[in-house]
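J.: Sequence:
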Amino acid sequence: MSSDIHNDDTDITTLKVAMYPHLPDSAGDNYAKLLQFINEEFKKIQPTINLQLRPLDHNDDFYSLATLTPWLSTDGTGYDVVEIDTLILGDLVNAGLIVPQFPISHNHSDWHSAATSAVQFNQAVYAYPHIMCAYFLFTRDEQAAKVTTIDELINILSPNVSATYRLVGNMNSSWILPSLWINSYQSSNNFEYNIPAFALHSYQKNSFETMRKFVQLCDRAGGENNCLNGVFRDNSNMTALLFAHEQTAAMFGFSENLFTVLKNGDLDDYSNVKMIPLPLGTNDNQPGFFTNAFVFRRNMSVDVLKAARLFSDFMGTPRMQAAVVGSADSPNTRPRYLLSMSKNAYNEPLLANDRFYQQYFRNLDVGYPYPTAGFLNIRKELNTAILKEVDIKNDSSSSSISISTHSKFSLLLFSIFYTCHQLIVCS
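Under our numbering, the letters of the sequence shown match residues 16 to 442, in that order.
These aren't lab readings, by the way, just hints derived from the structure by calculation. Be aware that a few hints might be false.
Claimed, not checked - Derived DSBU-like pairs: lysine-lysine, alpha-carbon spacing no greater than 35 Å straight-line:
id	residue 1	residue 2
1	278	358
2	48	59
3	403	48
4	278	321
With these hints in hand, go ahead and build the complete structure from the sequences.
T.: Okay, structure coming up:
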């Protein structure tokens with residue numbers, strides 16, 4: 016049934032929304048309280064909109080065009096609004112599934128600069144940003160919390176392999192390993208002076224070196240590397256539990272991994288755990304930000320389009336930003352520790368008194384967005400190329416990278432450069 020439903024007698028507009036499902040389940044109820052909270056709070060200010068939220072399910076593939084194409088169908092049989100990772104924003108544009116949004120949200124001055132950039136493609140705004148995340152280093156060591164480069168991190172965690180864990184985190188993914196490489200590349204190069212042509216000429220020789228160093232920090236005696244061999248991939252909470260139980264010196268992962276750490280660790284961890292943007296490069300340690308954002312299907316009626324904009328603006332207000340990342344739906348639990356894209360959300364009571372939001376998250380105003388085009392098509396080939404280069408047991412040369420991969424890789428690098436240079440969020 017189409018959602019372009021407007022009953023003149025009751026003046027009710029139905030809006031169907033599919034929200035991104037990968038976030039901590041604070042209440043442990045499969046997100047029931049979160050969806051109820053959003054529905055009830057939205058109803059208070061928009062009583063004439065019948066908001067229908069899709070149940071959150073980790074099995075839904077929000078990165079598949081095969082899934083998203085029927086969801087964003089123009090006939091309204093799917094959803095009116097879908098929350099996506101902007102890594103695939105350009106792919107949705109190129110598939111003709113979404114169009115630019117006008118006017119720009121009145122909340123846009125409160126948006127983090129990386130989120131502002133992430134919802135743009137070809138200099139047009141296609142989405143409303145919602146939640147952000149980035150890779151962090153988790154540690155209890157004062158000196159480790161001060162490092163800014165991969166070499167400094169190696170010196171602190173020790174360059175020597177032993178039976179104990181020095182660093183844990185999952186790299187066994189064609190989404191994760193290439194995105195870590197982008198972080199490493201950006202943190203090792205100055206794009207104002209390193210034009211794409213030079214980057215493409217030199218990447219085969221040196222751009223994987225920092226990733227090799229990083230991967231080797233996960234090595235243990237006997238050649239075991241659970242970061243790469245699938246052990247941590249198949250046990251999604253294992254790295255956070257190892258860190259919570261102090262069985263590793265450090266952990267890397269998204270900020271929301273802190274939810275699991277604090278849930279399972281000592282009470283002192285709230286005061287003892289330290290976080291910094293993951294130091295993967297050789298220059299400045301600038302985080303790369305992922306952004307989730309709301310996109311709209313095409314061909315909506317005027318009423319449904321208005322409802323979609325009202326909902327997206329509502330979710331971007333400082334209060335709702337703080338509510339979602341701070342677990343307002345489950346008052347007796349801990350925050351989800353996702354990153355707010357609203358700068359003013361950090362002044363909201365839920366976040367204003369939280370050590371991590373105030374000490375580590377609110378001042379992350381310097382960084383860069385991940386590319387919004389190219390990643391989906393290159394990630395698997397790039398993942399293979401990186402694995403060949405960082406595996407010290409494999410003496411393969413960079414010439415093994417195919418011409419096709421090199422061409423796609425070139426476009427991806429250009430996307431990174433263009434986003435950073437034109438939108439000025441890298442400096």
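J.: Could you grab the alpha-carbon distance between residue 278 and residue 358 and see if it respects the 35 Å cut-off?
T.: The hint holds at about 26 Å.
J.: Compare the distance between the alpha carbons of residue 403 and residue 48 with 35 Å, and conclude whether the hinted pair is satisfied.
T.: Between residue 403 and residue 48 the Cα gap is close to 45 Å, so the pair fails against 35 Å, i.e. violated.
J.: Is residue 278 close enough to residue 321, meaning Cα to Cα at most 35 Å?
T.: 40 Å, violated
J.: Has the given pair, residue 48 with residue 59, been kept, meaning a C-alpha gap of at most 35 Å?
T.: Holds. Residue 48 to residue 59 sits at ~16 Å (cutoff 35 Å).
The structure fails to meet hints 3, 4 from the earlier list, while all remaining hints are met.
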